[in-house]
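K.L.:
Each chain, letter by letter, is given below.
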Amino acid sequence: MTKEYNKYKGRLPSNVLEEVREKTKGMPEGRVNNILKEVCSEYNKARVEPGESVGLVGAESIGEPGTQMTLNTFHFAGVAEMNVTVGLPRIIEILDGRKKIKTPMMEIFLNKPWSNGKDIRHLALSIKETTMKEIMTDLAVNIVESKIELRLDNAAMKDVGVTPGNVTEALGKQLRGVSIKKKDDLIVIKMKSKEGSVGDVSKVKEKIKDVFVRGVKGITQVLPVKRNDEFIIIAAGSNLRDVLPLKEVDETRTITNDVFETAEVLGVEAARQIIINEVNKVIDTQGLNVDLRHIMLVADTMSFSGDVKGITRYGIVSEKASVLARASFETPIKHIVNAALVGEVDNLNSVVENVMLNQPVPVGTGLPGLVTKVK
Amino acid sequence: MAKRKSKLIIKKHILIPKHIKLSAKERDELFKKYNISLKELPKIKKDDSAITSLNVKEGDVIKIIRMSQTAGEVEFYRGVISE
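Protein chains in written order, with the working numbering: chain A, 3 to 377; chain B, 1019 to 1101.
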């Protein structure tokens, strides 16, 4: 029986084959064979034919529902001040391949026992980036003695699990030319150089506020939530490289919505998948319906060069071989002038340049002439 | 190389499909089957984090087995480039 199925391996997609196998359980061999034959011929009919302008169809299919999308960024439903870019701005952001996205977010999955909710709040806060300004209440500058006194906020420190020892250590590492002494819950920072100007003291004062004490850099907000019987942490801000090695974090499932960061840490294939997931998520939440294959085509195109490239004149459009095709997208004069300067040749192999010259385009029935020599 | 990347290597991740290096023979068969050459294939960088353990060089072909939402297991190929 499995022999029949194996014959069709490679000719039918694996999940179509799997479905046929499910549905034909217990049927006689001859009948199964006929069914497979029929499925195979139907599948071949449904396939995209060579020369079909899939890109154009894809663009229209994503573009049309795009007109229905909201232009606003919404607040994350019901939870503490977390913003998420949604709707059209998010789609544009992804497809343009922006390096800095507006609202980077991470979904941090946890290993057991943390995924059951053990110390979840504590753990979440230990991932969040904590700087000095969050754990001190008072900052007094004494210009005469060129020293700064700062008072620690014990309650806030306890919340994020930082001891005064951690604080002085962090200060010592990240500030230069000062001596640090601890007096009760006061920390006294004295300039080492005697003739330090007033400007120096206030410079140090500003620096103190941004001294990094604990957590993962870039994670600005954390939010433990329960999803399908396990606790995960949703974080605003993104830093895969530093979050993944943490022992509490499940490094096989933790993801970010930053395409470029994914490409760097997990590779192009992962970035391609993130593009698909993120675009699909936006379209889904807007209540629209776009066939996944269109989005997959876009993601494939963006990740073609081994790098994520946006659909802009600096991204994939700049890779086109034809001058006229590039000129027809944006900034035509720049492209034509530059091409003229280096003597670029346009072989008119593709669509746009032939449209411009009023010639048959190599699409659909116009294509075979290119494949076989007509003579 | 301007900035050295940290040594973080994630081998298993739900987003990373299986990457397999093709032997020279398999590669030639692939090229013959589809009547293509290396430069028509999609690319993957030599230092891509998904293939660091495969010990690849420029010109190799990587077979990627994706789990597609529409078709189940799908084979995909990328040619290795250096930068």
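In case anyone wonders, no lab produced these hints; they're calculated from the structure.
It is possible that part of the hints are untrue.
Claimed, not checked - No farther apart than 20 Å at their CA atoms in a straight line, the calculated lysine-lysine pairs in the PhoX-like style are these:
#: 1; chain 1: B; residue 1: 1063; chain 2: B; residue 2: 1030
#: 2; chain 1: A; residue 1: 249; chain 2: B; residue 2: 1029
#: 3; chain 1: B; residue 1: 1030; chain 2: A; residue 2: 322
K.L.:
Which hints from the list above does the structure break, by number from lowest to highest?
P.N.:
3
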